[in-house]
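Asker: Sequence:
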Amino acid sequence: MTKKRKVKVAINSACRLLHPMHTVLVSCVGKKGKPNIITLAWAMPTSINPPLVAISIAPRRHSHALIEETKEFVVNIPTMGILKETLFCGRASGRDHDKFKETGLTRLRGRKVKAPAIKECIAHLECKLYSQIATGDHTIFVGEIIEAYADKEAFKEEYDLNKAKMIFHLGGNDFATLAPKIFTPKL
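My numbering puts the first residue of the sequence shown at 3, with every later residue one more than the last.
Hints in this document: simulated from the structure, not taken from any laboratory.
Heads up, some of the hints might be wrong.
Claimed, not checked - Straight-line Cα separation of at most 27 Å, DSS-like style, residue types lysine-lysine; simulated pairs:
id	residue 1	residue 2
1	K121	K33
2	K158	K121
3	K167	K183
4	K121	K167
5	K36	K116
6	K154	K183
7	K188	K121
8	K33	K167
9	K121	K154
10	K103	K116
11	K36	K165
Just so you know, these numbers come straight off a predicted model, no measurement behind them.
All chains should be built: construct the whole structure from the sequences, respecting the hints.
Answerer: In structure tokens form, the structure reads like this:
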């Protein structure tokens, strides 16, 4: 048996050991009504009751200020069909770009929040800000999910991986998706 070797990973790159991470598009809107989209790989559920989801955004990002202003956001689940648009929304600043217009993504009126959802995404979690925590160079925004909906062909209690080619961030400009093979181990 060969001995597996471990390599040292720089501390400032250690978070990449958690990748691939599920990529989401978070849409928000300022008090003046201008919407924005930010691409995030740092998102996770934190509670079932109440239903909470956390996203992590650097304070220098335009969306950070908008979420602090209006106290709401929508977590949208993109697929590989809009990978290029997803990358653009993570690279361009909403201060300088109208991301909906420049990507061709379609705004859907939020059902319970003023922030829009993104039509081309397969699922949406509308959130009201529950709390926020400063953590080093990012802020964790915890949102209470007040409305959730998904494409009926792609989601029935869980995603159909043949239809839901979700995006996972590997690092930099590299992304992957899941193979439609499910493993259910027996214990």
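Asker: All the hints need checking, so say for each whether the structure fits it.
Answerer: Going down the list of hints, with the structure as the test:
1. Of the supplied pair hints, the one linking K121 and K33 holds, its CA atoms being roughly 22 Å apart against a limit of 27 Å.
2. Distance hint between K158 and K121 is fulfilled; the C-alpha atoms sit about 19 Å from each other, no more than 27 Å.
3. Restraint check for K167 and K183: satisfied, since their Cα atoms lie roughly 12 Å apart, inside the 27 Å limit.
4. A distance of roughly 16 Å separates the Cα atoms of K121 and K167; the hinted pair therefore holds under the 27 Å criterion.
5. For the hint linking K36 to K116, the alpha-carbon distance of about 11 Å falls within 27 Å, and the restraint holds.
6. Pair hint K154 plus K183 holds up; C-alpha atoms about 20 Å apart against a cutoff of 27 Å.
7. Between K188 and K121, the direct Cα distance comes to roughly 38 Å. Violation of the 27 Å bound is thereby established for this hinted pair.
8. Note on K33 and K167: the hinted pairing is violated, with a Cα-Cα distance of about 34 Å set against a maximum of 27 Å.
9. For the hint pairing K121 with K154, the CA-to-CA distance comes to about 14 Å; that is within 27 Å, so the pair holds.
10. The hinted pair formed by K103 and K116 meets the criterion: a straight-line CA distance of about 18 Å does not exceed 27 Å.
11. Proximity of K36 to K165 is assessed by CA-CA distance (about 32 Å); at most 27 Å being required, the pair is judged violated.
Hints 7, 8, 11, counting from the list given before, are not met by this structure.
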